[in-house]
Each structure stands twice: as structure tokens, then as C-alpha cells.
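All chains should be modelled from the sequences, with the hints used to inform the complete structure.
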Amino acid sequence: MATETIAHNDTHSEEAGWKGASKPFKASYGKLMMWYFLVSDAFTFAGFLIAYGSLRFSMPSWPVPDFVFSTTPFNGHDLPLVFVTFMTFVLLASSFTMVRAVQEGHQENKRGVVKWMIYTIIGGLMFLGCQAWEWNKLIAGEHMTIKQNPFGTHIEAGQYLEGDGHFVNEGDTFEAGESYLIHKHDGEWQPLKFKVTEGPDAGMVKEQVKGPKAFGALFFFITGFHGFHVFSGVVIMLIVTVNTATGLYVKRKNKYEMIEKVGLYWHFVDLVWVFVFLLFYLL
Amino acid sequence: MGHLTYGESKKIAFKTIMILAVITIAEVFVALLGKGHLVEGFGINAGVLAALMIIMSAVKAYLIIYEFMHMKYEIPGLVKSVLLPTLLLVWGAIAFTWEGAYWHNSRKNLKEKNEAPVKDVGAFTDENQVKNIG
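In order, the protein sequences belong to chains A and B. For the first sequence, my numbering gives the first residue as 1, with consecutive numbering after it. For the second sequence, my numbering gives the first residue as 284, with consecutive numbering after it.
Just so you know, these hints were derived from the structure itself, not from any lab. Fair warning: there could be bad hints in the mix.
Subject to a maximum C-alpha distance of 20 Å in a straight line, what follows is the list of computed EDC-like cross-link-like pairs (lysine to aspartate or glutamate) [stated by the list, open to error]:
#1 K391(B) <-> E156(A)
#2 K26(A) <-> E357(B)
#3 K363(B) <-> E156(A)
#4 K394(B) <-> E257(A)
#5 K210(A) <-> E156(A)
#6 K255(A) <-> E357(B)
#7 K318(B) <-> E156(A)
#8 K206(A) <-> E291(B)
#9 K255(A) <-> E291(B)
#10 K206(A) <-> E175(A)
#11 K115(A) <-> E207(A)
#12 K355(B) <-> E257(A)
#13 K193(A) <-> D164(A)
Here are the simulated distance ranges between beta carbons [to be verified]:
#14 V205(A) <-> K391(B): 18 to 26 Å
#15 I377(B) <-> V250(A): 48 to 56 Å
#16 L372(B) <-> F228(A): 19 to 27 Å
#17 K147(A) <-> K294(B): 45 to 53 Å
#18 A399(B) <-> Q148(A): 28 to 36 Å
#19 V209(A) <-> A344(B): 16 to 24 Å
#20 E170(A) <-> I377(B): 39 to 47 Å
We put the CB at the ideal spot given by N, CA and C, even for glycine.
Okay, here's the thing in C-alpha cells:
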């Protein structure tokens with residue numbers, strides 16, 4: 001009899017203490033399982049990011065991020081990190097609008113939830129658009145793929161013996177640790193020749209060599225995996241927004257818990273971006 | 284969540300997003316300054332720079348998990364069951380970057396040994412061979 005009373009008092013009877021005396025961790029089943037899914041997802045992302053750190057440490061040189069990520073759609077070159085900072089802000093803003101949607105849900109304010117969810121979806125789509133632009137620039141413009149990486153880094157100081165007609169002129173000097181991009185014209189790589197001016201090899205003429213392959217593979221797999229999470233998030237948010245608008249969650253009378261669960265996922269995507277941003281762009 | 288009013292939680296969310304934005308700007312500013320993009324000839328030691336970046340990112344992660352994901356308002360059991368397993372990742376990050384640095388040294392060693400001049404042991408004769416083995 002007692003259990004029956006609990007079941008009838010609770011509007012969504014399956015949730016009543018998950019059929020026991022009290023709810024584990026005072027959280028609903030769905031919310032707790034979302035947390036544990038995110039823990040497992042964190043391990044997957046960490047696997048990728050730790051592989052990045054490990055491979056980067058193992059290489060004699062690594063492309064300098066300020067050089068690789070220095071273009072924006074509006075101005076040609078030499079604005080290091082500006083575009084990716086913009087992307088970060090887009091994602092942070094969409095996290096904030098998500099928090100607002102959850103808060104409106106707690107107020108049982110249907111219109112408010114729909115409004116803030118739409119803002120969040122727009123944020124997600126903007127982020128995906130930015131990422132598409134960045135990938136397009138790297139693949140179509142600079143010919144970086146998962147198998148080749150034209151971004152190399154000088155390990156000794158020197159002076160160029162020829163120019164590429166764009167950014168490097170004959171006679172330009174460079175320091176050890178500066179990155180360069182090998183251009184591709186008519187299907188042929190055009191590595192530039194240079195004279196080493198310092199170190200044991202001083203005086204020797206060398207040619208630019210491509211950077212570590214792993215850079216391209218890691219970049220596309222990690223940002224791709226993250227972008228896929230953003231894409232899934234946008235699809236899920238579209239579904240719950242339509243469900244909110246049709247009044248499904250009003251009937252459940254649980255303060256729009258579905259929005260809260262989707263919110264947890266969306267904040268996690270933002271959280272992962274904090275670390276992708278740190279490893280790929282800042283360090 | 285429970286004990287906060289609607290107005291209070293709205294205020295906290297706005298404050299949190301502002302702090303996150305400021306930290307992000309600080310990160311980019313310090314990165315550009317430290318690598319000498321802003322002031323000619325001025326740079327920050329790479330190790331110090333990396334430490335600063337990691338600390339600022341950790342603060343951002345804390346704010347996202349504790350405020351946006353409401354971890355602050357969950358009961359301790361839930362918090363522990365989610366956060367304690369991730370300590371393994373801290374170990375993983377240290378262990379595998381350590382391993383990466385070891386590969387780096389091994390590669391360098393191999394390159395040096397390969398490029399080192401070969402010791403002249405004389406012509407390949409029975410007599411020499413015996414001498415070298417001995």
C-alpha cells in the first residue's frame with residue numbers, strides 16, 4: 001500500500017525513488033545517468049588530448065599555433081588567435097543562454113524556455129559555421145590533411161635564398177622556432193631554399209621540410225570529434241525546443257527537467273572546448 | 284538550485300559568464316604578450332606561460348562545472364562519484380607527456396649516434412678483426 005501511495009503522489013511514477021525508498025544522490029535517474037555519460041565522454045576526449053600532448057612532446061619541433069591560426073575571414077593574415085577567440089565567445093555565450101533556458105524552465109515559463117533555446121541553437125550553428133570556415137581554409141587553402149602537414153618549424157636560424165611571392169622575400173632572415181607554410185602550386189609542393197646562419201650546420205643550404213604529420217591528424221580528429229558533439233547538441237536542442245513549444249514538458253510537471261539534462265550536455269561541450277582551446281591554440 | 288531564488292540565480296549566471304569572458308580575454312592577451320606579439324622583444328618564459336594558461340583554464344573549467352552545470356548545488360556523493368574518477372586523467376596527462384618527452388630524448392640520441400663519425404679501425408683483415416674482438 002505504501003509504495004502505491006508514493007507512486008500515485010508522484011506525477012511521473014517511474015521516477016519515485018527509482019522504485020526504492022529514496023532517490024540515489026537526490027537526483028533523478030535521467031540526470032544522474034547524463035552525468036555518468038559525460039564522465040565517460042570526458043575520458044574519450046582526454047584520450048585524444050593526452051595523445052596530442054604526448055606526440056607533441058615527442059617531436060623535435062611543432063607548428064607554432066599563432067602562425068597556423070592567424071587568419072580571419074575579414075582580413076588576410078597576421079591576426080593570431082583572433083578568429084578562434086571569437087569562436088570561443090560564441091560557445092560561451094550559447095552556454096549562458098542555455099543556463100537562462102534552464103532557469104526559465106524552473107519558473108515553468110514556456111515562452112522563456114523556447115526563446116532562450118532558440119538563442120542557444122543559433123550560437124551552436126554559428127560555432128559550426130566558424131569551424132567549417134576554418135577547416136575549409138586549412139584543407140582547401142593550405143592543403144593540410146590527416147596525412148600531411150605543410151606547417152613546419154625552423155630548428156636553426158637562417159636566411160631565405162628565394163621568396164614565395166606572398167609573405168617571404170629573398171634575403172628574409174628567420175630565427176629558430178619560427179614556423180612556415182610550404183605552399184602548393186599546380187599540384188607541386190614549393191619548399192623554399194635557405195642558408196643556415198647559426199649552429200654547427202652554419203653555411204649549409206637546406207630546403208624547408210614538412211612538419212609532423214601528427215599535427216594534421218590530431219587537429220582534424222579532435223576538433224572534428226568536438227564539432228560532432230556540437231552538431232549532435234544542436235539536433236537534440238532542436239528536438240527539445242519543438243517538444244517545449246508543443247507543451248510536452250508542461251504536462252510532465254517536472255520543471256522542464258529535459259532542458260536541464262540537455263543543458264548539462266551542452267555545458268560539457270563548452271567545457272571540452274576550454275581544453276581544446278588551451279592545447280591547440282594557447283600553448 | 285533549490286535554495287536560490289529566480290532573481291539570485293539569474294544574477295549568478297550573468298556574473299559567471301562575465302568572469303569567463305574576462306578570463307578568456309586575459310588568456311589570449313597573456314599568450315600574445317608572452318610570445319612577443321604585442322611588445323617587441325618582450326616575452327615570458329615558456330614554462331611560466333604554460334602554467335599561467337593551465338591555471339586560467341582550470342578556473343574556467345571550475346566555473347562551468349560548478350555554476351553552469353550546478354555541481355555546486357548537488358549533494359557530496361554525486362560530486363565525488365563524478366569528479367574523483369577524473370583524477371585518473373591527471374595521472375594520465377602527466378604519465379603520457381612524460382613518455383612523450385622520453386621518446387623525444389631517444390630520437391635525439393639515435394640521431395646523434397647515427398651522425399657521429401665512425402671510429403677508424405683499419406682495413407678489414409683477419410688480424411684487425413681478431414684485434415678488435417679481443
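Right, here's what the structure says about each hint:
The suggested pairing of K391(B) with E156(A) holds, with an alpha-carbon distance near 15 Å, which does not exceed 20 Å. Distance check on the hinted pair: K26(A) and E357(B) sit about 8 Å apart at the alpha-carbon level, within 20 Å; holds. In summary, the hint linking K363(B) to E156(A) is not supported, as the alpha carbons are separated by about 49 Å, beyond the 20 Å threshold. Only pairs whose Cα atoms come within 20 Å are accepted, and K394(B) paired with E257(A) is rejected, the gap being roughly 60 Å.
Restraint check for K210(A) and E156(A): the C-alpha separation of about 15 Å stays at or below 20 Å, so the hint holds. Taken as a hint, the K255(A) and E357(B) pair is honoured in the structure, with Cα atoms around 17 Å apart against an allowance of 20 Å. Between the alpha carbons of K318(B) and E156(A) the distance comes to roughly 18 Å, so the proposed pair stays at or under 20 Å and holds. Simply put, K206(A) and E291(B) have alpha-carbon atoms about 64 Å apart, too far for the 20 Å limit, and the pair is violated.
Proximity of K255(A) to E291(B) is assessed by CA-CA distance (about 18 Å); at most 20 Å being required, the pair is judged to hold. Between K206(A) and E175(A), the direct Cα distance comes to roughly 15 Å. Compliance with the 20 Å bound is thereby established for this hinted pair. Straight-line distance between C-alpha atoms of K115(A) and E207(A) comes to about 57 Å, which puts the hinted pair past the 20 Å bound. Proposed proximity of K355(B) and E257(A) is supported: the alpha carbons are some 18 Å apart, at most 20 Å.
About 10 Å separates the Cα atoms of K193(A) and D164(A), which keeps this hinted pair within 20 Å; it holds. Distance hint check for V205(A) and K391(B): the Cβ-Cβ separation is about 24 Å, which falls inside the suggested range of 18 to 26 Å. The beta-carbon spacing between I377(B) and V250(A), approximately 49 Å, falls within the hinted interval of 48 to 56 Å. Distance hint check for L372(B) and F228(A): the Cβ-Cβ separation is about 21 Å, which falls inside the suggested range of 19 to 27 Å.
For K147(A) paired with K294(B), a C-beta distance near 51 Å keeps the hint of 45 to 53 Å intact. The beta-carbon spacing between A399(B) and Q148(A), approximately 31 Å, falls within the hinted interval of 28 to 36 Å. The hinted range of 16 to 24 Å is not satisfied by V209(A) and A344(B), whose Cβ atoms lie roughly 37 Å apart. Range check, E170(A) to I377(B): Cβ separation about 46 Å, and the 39 to 47 Å hint holds.
Of the numbered hints stated above, those contradicted by the structure are hints 3, 4, 8, 11 and 19, listed in ascending order.
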